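Dock chain B against the given chain A, drawing on the hints supplied.
Heads up: the protein sequence lines correspond to chains A and B, in order.
Counted from 1, the first sequence has number 367 at position 70 by our numbering; the numbering is strictly sequential.
Counted from 1, the second sequence has number 421 at position 124 by our numbering; the numbering is strictly sequential.
Check before you lean on any hint, since a few could be wrong.
Since the list gives no way to pick out one identical chain from another, each pair is judged satisfied if it fits inside one copy or across any two copies.
Claimed, not checked - Only pairs whose alpha carbons sit at most 25 Å apart, straight line, appear in this in silico SDA-like list of lysine to any residue: (1) K326 <-> G401; (2) K326 <-> E406; (3) K326 <-> N355; (4) K326 <-> R400; (5) K311 <-> F392; (6) K326 <-> S384; (7) K326 <-> R356; (8) K311 <-> M440; (9) K311 <-> E406.
Since the hints were made in silico from the structure, they are not lab data.
Predicted, not measured: the structure shown is a model, and the values here were computed from it.
2 protein chains.
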Amino acid sequence: MTQYQTIFIAEPGKQDITIVREFDAPREKVFRAFTEVEWLVQWLLPTDMGMALDYRDNRTGGAYRYLLPGPGGSQTGIFGVIHEISSPERMIQTFEYEGLPERGHVVLETTRFEALPGNRTRVTILRLCESEAFRDGMFQAGMEPMTTALHQRLDEALL
Amino acid sequence: MTQYQTIFIAEPGKQDITIVREFDAPREKVFRAFTEVEWLVQWLLPTDMGMALDYRDNRTGGAYRYLLPGPGGSQTGIFGVIHEISSPERMIQTFEYEGLPERGHVVLETTRFEALPGNRTRVTILRLCESEAFRDGMFQAGMEPMTTALHQRLDEALL
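For reference, chain A alone in the conformation it holds in the complex (with noise of 0.2 Å):
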C-alpha cells in the first residue's frame, strides 16, 4: 500500500479542481510519466480497464487522444491539444470526453511538478471548468476514486 493520498479540492463556488499529489520519485521521472506514451500505458491507460491509446504528438502544439470504454459497450475517446510541455516542470493541455450526449465542452489542466527533498516529487494538477455544475459533474462520474486509483498503479509503475 502507497503512503501517499491523493487530495481532492473544490470549493463551492468555483469552477475549478486542485489535485495534489506526492510520489516517491525525482521530478524528471515522474514528469516523463505524466507525459510520455511509454509511462502513460503503464498506469493512465490500463487495458484492464480497456482503455488504450490512438496516439500522443508530445510537444508544445501537439495533440492526444486516448480510448476508453463508452455508453452502452461501446468506445469513446478523450481528446486534447497541448498547450505546454516544459520539462520538468509544468504541462498544459486540454481534456474532452467524447462521450459526453453533446461536443464542445472542455477542460483545461495546468501538470506542475515540483521537487521535495529526498528525490520526491509534488505533482498539482489545475482543472478549469466552463462551469461549477460541469466540475460537480466529473465528480459524480468517478473522478476521485478513479485518479486516485491511477496514482496508485504509477506508484506501483514508479518503483
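Leaving out everything else, chain B in the frame of chain A:
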C-alpha cells in the same frame, strides 16, 4: 458608427468572462472572420497597433501565434493551441500572453456562433481563467476597450 455593442459579463467570485456581440453578416462569414488568416489580419491583428500574424494552422489540433508590442518597446506574442474548429458553429482554443512576468498562465476560450434572423450572427465567447484575480487583471489590462474597438473594425471588414 455601428449599431451593436460588445457586452462583457464577469460575475463576482467567478473565474470566467462571457463576451456577447452581434454582427450584421451571416454565420458562415462571421465564423471565417474569427478563424481564417485572410480575415484575421483585417481586424484582429491591425498593423497600425503594431500587431502581426506569426502563424496560424487553422484546424482542430493546430496552433497559432500572433505578434504584438511588448514591454519597453520589445515585441511579444500571443500563443495558443486549437482544440476545435467546427464551422460554422464553434471554435475552442487556448490563449497565453507571452508578455507576462511568468509563463504558464493560460486562458481557455470557447466561441459559439449563432445564426439570427435577417442574416445576422450572435457571437458568444466564454473565457475561462485560472482565478478571479487573473480574470480581473485582464480587464485592468484594457481588454474591454480593446475588444470593443476590434469588433468595430470587424463590422467594417464585414461590409
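Status of each hint after checking the structure:
1. K326 <-> G401: This pair counts as between: shortest inter-copy Cα distance 21 Å, intra-copy 33 Å.
2. K326 <-> E406: within (20 Å within a copy, 32 Å between copies)
3. K326 <-> N355: within (15 Å within a copy, 34 Å between copies)
4. K326 <-> R400: between (34 Å within a copy, 22 Å between copies)
5. K311 <-> F392: both (19 Å within a copy, 21 Å between copies)
6. K326 <-> S384: Cα proximity of K326 and S384: one copy only (10 Å, versus 41 Å across).
7. K326 <-> R356: within (17 Å within a copy, 33 Å between copies)
8. K311 <-> M440: Close inside one copy (17 Å) and across copies (23 Å); limit 25 Å.
9. K311 <-> E406: both (15 Å within a copy, 18 Å between copies)
Of the numbered hints given earlier, the model fails none.
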